[in-house]
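Number of protein chains: 2
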Amino acid sequence: MLAEIITIGDEILIGQIVDTNSAWMAQLLNSEGIRVKQISSVSDNREHILKAFAEAAERVDIILITGGLGPTKDDITKQTLAQYFGVPLVLNEDALTNVLNIFKRYNRPMLDVNRMQAQVPQNCEVILNHNGTAPGMWFNEDGKIYVSMPGVPFEMQYMMQDQVVPKLKQTLKLPSIVHKTILTAGEGESYLAEKISDIESSLPPHIKLAYLPKMGQVRLRLSGDGEDEAALKKEIDVFAAQIVERVGVNVIAQEDKPIEKVILDEMASRGLTLSLAESCTGGYVSHLLTQHAGSSAVYLGGLVSYANDLKQHILGVKEETLYQFGAVSEQTVIEMVEGALRQFKSDYAVAITGIAGPGGGSEEKPVGTVWIAVANANKTVTKKFTFGNKRLQNIERSAVSAFFMLNTLIKETTT
Amino acid sequence: MLAEIITIGDEILIGQIVDTNSAWMAQLLNSEGIRVKQISSVSDNREHILKAFAEAAERVDIILITGGLGPTKDDITKQTLAQYFGVPLVLNEDALTNVLNIFKRYNRPMLDVNRMQAQVPQNCEVILNHNGTAPGMWFNEDGKIYVSMPGVPFEMQYMMQDQVVPKLKQTLKLPSIVHKTILTAGEGESYLAEKISDIESSLPPHIKLAYLPKMGQVRLRLSGDGEDEAALKKEIDVFAAQIVERVGVNVIAQEDKPIEKVILDEMASRGLTLSLAESCTGGYVSHLLTQHAGSSAVYLGGLVSYANDLKQHILGVKEETLYQFGAVSEQTVIEMVEGALRQFKSDYAVAITGIAGPGGGSEEKPVGTVWIAVANANKTVTKKFTFGNKRLQNIERSAVSAFFMLNTLIKETTT
Numbered sequence: 313m314l315a316e317i318i319t320i321g322d323e324i325l326i327g328q329i330v331d332t333n334s335a336w337m338a339q340l341l342n343s344e345g346i347r348v349k350q351i352s353s354v355s356d357n358r359e360h361i362l363k364a365f366a367e368a369a370e371r372v373d374i375i376l377i378t379g380g381l382g383p384t385k386d387d388i389t390k391q392t393l394a395q396y397f398g399v400p401l402v403l404n405e406d407a408l409t410n411v412l413n414i415f416k417r418y419n420r421p422m423l424d425v426n427r428m429q430a431q432v433p434q435n436c437e438v439i440l441n442h443n444g445t446a447p448g449m450w451f452n453e454d455g456k457i458y459v460s461m462p463g464v465p466f467e468m469q470y471m472m473q474d475q476v477v478p479k480l481k482q483t484l485k486l487p488s489i490v491h492k493t494i495l496t497a498g499e500g501e502s503y504l505a506e507k508i509s510d511i512e513s514s515l516p517p518h519i520k521l522a523y524l525p526k527m528g529q530v531r532l533r534l535s536g537d538g539e540d541e542a543a544l545k546k547e548i549d550v551f552a553a554q555i556v557e558r559v560g561v562n563v564i565a566q567e568d569k570p571i572e573k574v575i576l577d578e579m580a581s582r583g584l585t586l587s588l589a590e591s592c593t594g595g596y597v598s599h600l601l602t603q604h605a606g607s608s609a610v611y612l613g614g615l616v617s618y619a620n621d622l623k624q625h626i627l628g629v630k631e632e633t634l635y636q637f638g639a640v641s642e643q644t645v646i647e648m649v650e651g652a653l654r655q656f657k658s659d660y661a662v663a664i665t666g667i668a669g670p671g672g673g674s675e676e677k678p679v680g681t682v683w684i685a686v687a688n689a690n691k692t693v694t695k696k697f698t699f700g701n702k703r704l705q706n707i708e709r710s711a712v713s714a715f716f717m718l719n720t721l722i723k724e725t726t727t
Numbered sequence: 313m314l315a316e317i318i319t320i321g322d323e324i325l326i327g328q329i330v331d332t333n334s335a336w337m338a339q340l341l342n343s344e345g346i347r348v349k350q351i352s353s354v355s356d357n358r359e360h361i362l363k364a365f366a367e368a369a370e371r372v373d374i375i376l377i378t379g380g381l382g383p384t385k386d387d388i389t390k391q392t393l394a395q396y397f398g399v400p401l402v403l404n405e406d407a408l409t410n411v412l413n414i415f416k417r418y419n420r421p422m423l424d425v426n427r428m429q430a431q432v433p434q435n436c437e438v439i440l441n442h443n444g445t446a447p448g449m450w451f452n453e454d455g456k457i458y459v460s461m462p463g464v465p466f467e468m469q470y471m472m473q474d475q476v477v478p479k480l481k482q483t484l485k486l487p488s489i490v491h492k493t494i495l496t497a498g499e500g501e502s503y504l505a506e507k508i509s510d511i512e513s514s515l516p517p518h519i520k521l522a523y524l525p526k527m528g529q530v531r532l533r534l535s536g537d538g539e540d541e542a543a544l545k546k547e548i549d550v551f552a553a554q555i556v557e558r559v560g561v562n563v564i565a566q567e568d569k570p571i572e573k574v575i576l577d578e579m580a581s582r583g584l585t586l587s588l589a590e591s592c593t594g595g596y597v598s599h600l601l602t603q604h605a606g607s608s609a610v611y612l613g614g615l616v617s618y619a620n621d622l623k624q625h626i627l628g629v630k631e632e633t634l635y636q637f638g639a640v641s642e643q644t645v646i647e648m649v650e651g652a653l654r655q656f657k658s659d660y661a662v663a664i665t666g667i668a669g670p671g672g673g674s675e676e677k678p679v680g681t682v683w684i685a686v687a688n689a690n691k692t693v694t695k696k697f698t699f700g701n702k703r704l705q706n707i708e709r710s711a712v713s714a715f716f717m718l719n720t721l722i723k724e725t726t727t
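Sequence lines, in order, name chains D and B.
Mapping of the first sequence onto my numbering: residues 313 to 727, in sequence order.
Mapping of the second sequence onto my numbering: residues 313 to 727, in sequence order.
Because the hints were derived from the structure by calculation, they are not lab data.
One should not assume that every hint holds.
The list treats identical chains as interchangeable, and a pair is accepted whether it falls inside one copy or across any two copies.
For lysine-lysine, the following BS3-like pairs were computed, each having C-alpha atoms within a straight-line distance of at most 25 Å [to be verified]: (1) Lys349 / Lys363; (2) Lys545 / Lys630; (3) Lys456 / Lys363; (4) Lys657 / Lys630; (5) Lys485 / Lys630; (6) Lys507 / Lys657; (7) Lys677 / Lys573; (8) Lys416 / Lys520; (9) Lys702 / Lys416; (10) Lys481 / Lys526; (11) Lys677 / Lys456; (12) Lys691 / Lys485; (13) Lys456 / Lys492; (14) Lys657 / Lys456; (15) Lys456 / Lys545; (16) Lys416 / Lys696; (17) Lys385 / Lys492; (18) Lys657 / Lys363.
Fair warning: this is a prediction, and the values are worked out from it, not measured in the lab.
Modelling step: build the complete structure from the supplied sequences, incorporating the hints.
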């Protein structure tokens with residue numbers, strides 16, 4: 313079963329907001345076996361919207377529309393739907409009651425434009441909006457389903473979950489779609505592709521493999537569709553197991569989860585703590601960890617030591633080391649990581665020192681030179697990287713590389 | 313001049329990634345006077361991509377395509393472009409040299425699939441990719457411009473900024489568009505709109521004012537178009553000066569520059585240094601500062617003290633203070649900021665402690681409670697905030713609020 317998402321409104325087209333609704337909807341639809349064939353963002357323009365509806369109806373069975381349902385003049389989705397279906401707008405009593413209740417609840421005076429929000433095209437079934445004044449609308453015309461919802465994320469989300477998806481499942485006979493994602497790090501897309509090319513070639517036509525690369529990480533995603541979900545899951549698991557075995561140490565997780573979350577969960581389950589000593593990554597590694605709820609169970613904290621003085625003063629890096637080998641050196645990164653273990657009293661520590669650029673490079677140590685160390689009480693592992701000359705990329709690549717090294721050390725220590 | 317953005321790849325359609333590229337591109341295009349009429353996300357399917365190209369060519373003059381240029385089998389943009397234009401793929405020497413150089417730089421073995429990345433449709437002009445192996449491609453056919461770029465955000469961004477936009481400006485006759493942005497913080501959109509409503513009403517029809525809100529900051533952007541760029545600039549400057557005077561202390565900068573960069577530049581010019589003591593923001597404030605080249609001239613470093621032990625041990629927060637008032641309290645944030653000044657020997661310091669959520673809240677201190685302190689040798693300023701219950705938003709709002717407070721203290725200290 314195929315769907316198209318149409319978002320209506322200029323704010324996406326001028327780049328004022330990022331369209332997060334579509335990704336949210338697509339995830340939900342996919343999990344129910346509805347494949348999104350296209351996402352189209354169109355402007356608040358009648359002709360353009362009519363064309364988008366007609367084009368979508370040629371491609372798909374289900375057309376989900378968000379946006380353009382507000383009370384102001386630039387919101388024209390409802391009028392355009394009425395024109396598209398050749399029907400008038402009529403007042404819907406249930407929708408009116410909903411609007412009245414909302415205004416009563418907030419004790420606000422109701423204007424004519426608010427009352428007009430209860431008007432809907434004659435041929436629609438109203439989907440009540442429990443979180444706002446604009447009703448959703450369900451149309452079933454010429455074998456196609458059209459659903460129009462508000463663009464406000466939480467209004468749309470409740471409507472989709474509580475009403476639209478259940479109604480779609482009830483109305484249509486949906487096939488099963490199964491995804492399985494394998495997160496890898498430390499090797500590039502083409503290396504992986506070569507390594508598993510025979511497995512990829514052996515996939516049956518109803519199972520596809522996608523490579524999703526992102527800064528030192530590649531997600532391998534197997535997707536299949538079929539009638540029997542359990543059998544499909546089993547079938548995909550067999551191929552996933554082959555890939556996991558082949559890719560070996562570069563496999564971080566067999567689910568779609570950020571690498572730092574994989575590490576946090578593993579460390580939390582084993583009661584381990586972590587601290588950081590960051591120089592060139594400047595707090596980015598710390599931020600990646602702490603964006604996750606519950607990170608405080610594992611992560612004690614860390615130092616961002618941009619100035620050498622802090623490396624000495626807080627971490628206990630020796631002045632001679634800095635003088636003799638420089639701040640970006642194996643010797644310094646070892647003293648940083650061991651200083652972090654000692655000062656912050658954690659089970660594991662990560663230290664990163666490098667030249668993020670664009671300034672600060674030399675012939676011997678060009679921009680992009682980064683030393684990373686990971687350590688626990690028994691072992692310290694260091695590695696030198698030579699990234700490129702883009703500051704933000706160097707920061708991101710350093711972070712992913714550090715997580716890959718940490719993950720390897722943690723895994724090693726169980727076995 | 314109208315453009316359409318076409319993103320190719322299943323990862324957007326299954327909702328695995330949010331399409332941030334399109335908003336970024338739309339902003340850049342708009343600032344050059346190119347209006348985005350539609351954004352279409354389509355799957356890695358040849359027929360579907362061909363149809364999307366044809367539909368876009370009916371609507372617009374410029375078609376910007378991202379994604380589907382990787383070395384693996386699921387990436388078919390290049391082959392599909394060749395089919396669309398009815399031309400073969402040919403090896404491009406410049407693109408091959410670029411691929412070879414990248415593999416040489418990283419000292420990795422080159423595979424056949426990598427060599428194939430240098431193949432492009434015969435009718436294209438290659439846009440070199442300085443950040444990756446997939447070349448960009450420029451087509452000028454039947455009066456329409458098609459540009460194909462990688463979907464990896466930083467590769468696309470550098471290509472757009474350095475090559476595609478300059479080439480579009482050179483090829484097309486674009487009208488002059490002048491923008492002037494005023495960055496504000498500390499007050500919301502509707503407050504600002506009310507405060508400057510008479511100035512807004514007095515704008516001539518060729519000058520528009522846009523409110524661009526983002527997490528505690530609002531950018532006010534004046535945009536005008538006309539023939540005489542110099543005269544237009546002068547005209548806009550007059551209105552900008554009126555707005556700046558009216559908005560007062562909430563004006564951070566009269567240019568489109570992140571708030572932390574405004575602070576870094578001001579501090580650098582005055583030879584001032586900064587350190588941080590972050591708790592609930594977990595390194596995010598540090599990351600915002602250090603993403604900017606040259607930040608090391610101002611920023612010495614900071615501590616992320618998730619564990620109370622680190623607050624005591626490194627910053628010297630008293631155990632009694634933590635015990636009596638708790639980690640999220642005015643007393644603690646004062647000791648944190650003064651500890652940072654003392655330990656890290658900086659001219660200014662910022663401390664943040666709060667409950668980012670979703671856990672850790674209480675009736676007295678609900679999730680979203682954040683204390684922020686900024687200080688120099690002579691003055692410590694504290695403020696309590698009550699944000700919402702979304703972890704990432706609380707982190708972001710705390711960071712912006714801290715920068716606003718720091719900016720105010722620094723400004724105050726000159727006069």
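Hint check results:
Proximity of Lys349 and Lys363 under a CA criterion of 25 Å is satisfied in both settings, with 17 Å inside one chain copy and 12 Å between copies. When the C-alpha separation of Lys545 and Lys630 is checked against a cutoff of 25 Å, the pair qualifies neither within a copy, at 56 Å, nor between copies, at 55 Å. Within a single copy, Lys456 and Lys363 get their C-alpha atoms as close as 16 Å, and across copies as close as 21 Å, so both meet the 25 Å cut-off. With identical chains, the CA atoms of Lys657 and Lys630 are at most 25 Å apart both within one copy (19 Å) and between copies (19 Å).
Taking the closest pair of Cα atoms, Lys485 and Lys630 never come within 25 Å of each other, the shortest separation being 66 Å inside a single copy and 61 Å across copies. Taking the shortest alpha-carbon separations for Lys507 and Lys657, neither the intra-copy value of 41 Å nor the inter-copy value of 52 Å comes in at or below 25 Å. For the homomeric pair Lys677 and Lys573, neither the shortest alpha-carbon distance inside one copy (32 Å) nor that between copies (27 Å) is at most 25 Å. Proximity of Lys416 and Lys520 under a CA criterion of 25 Å is satisfied in neither setting, with 50 Å inside one chain copy and 32 Å between copies.
Proximity of Lys702 and Lys416 under a CA criterion of 25 Å is satisfied inter-copy only: 18 Å between copies versus 45 Å inside one chain copy. For a Cα distance limit of 25 Å, the shortest separation of Lys481 from Lys526 qualifies neither inside one copy, at 29 Å, nor across copies, at 31 Å. Within a single copy, Lys677 and Lys456 get their C-alpha atoms no closer than 59 Å, and across copies no closer than 46 Å, so neither meets the 25 Å cut-off. Proximity of Lys691 to Lys485 under the C-alpha cut-off of 25 Å is found in neither arrangement, the shortest distances being 55 Å within a copy and 63 Å between copies.
In this assembly of identical chains, the alpha carbons of Lys456 and Lys492 never lie at most 25 Å apart, being 30 Å within a copy and 40 Å across copies at closest. Within a single copy, Lys657 and Lys456 get their C-alpha atoms no closer than 59 Å, and across copies no closer than 63 Å, so neither meets the 25 Å cut-off. In this assembly of identical chains, the alpha carbons of Lys456 and Lys545 never lie at most 25 Å apart, being 30 Å within a copy and 45 Å across copies at closest. For the homomeric pair Lys416 and Lys696, the shortest alpha-carbon distance between copies (17 Å) is at most 25 Å, but the shortest distance inside one copy (54 Å) is not.
In the homo-oligomer, the alpha carbons of Lys385 and Lys492 lie at most 25 Å apart only across protomers (18 Å), although the nearest pairing inside one protomer, at 45 Å, exceeds that limit. Within a single copy, Lys657 and Lys363 get their C-alpha atoms no closer than 63 Å, and across copies no closer than 60 Å, so neither meets the 25 Å cut-off.
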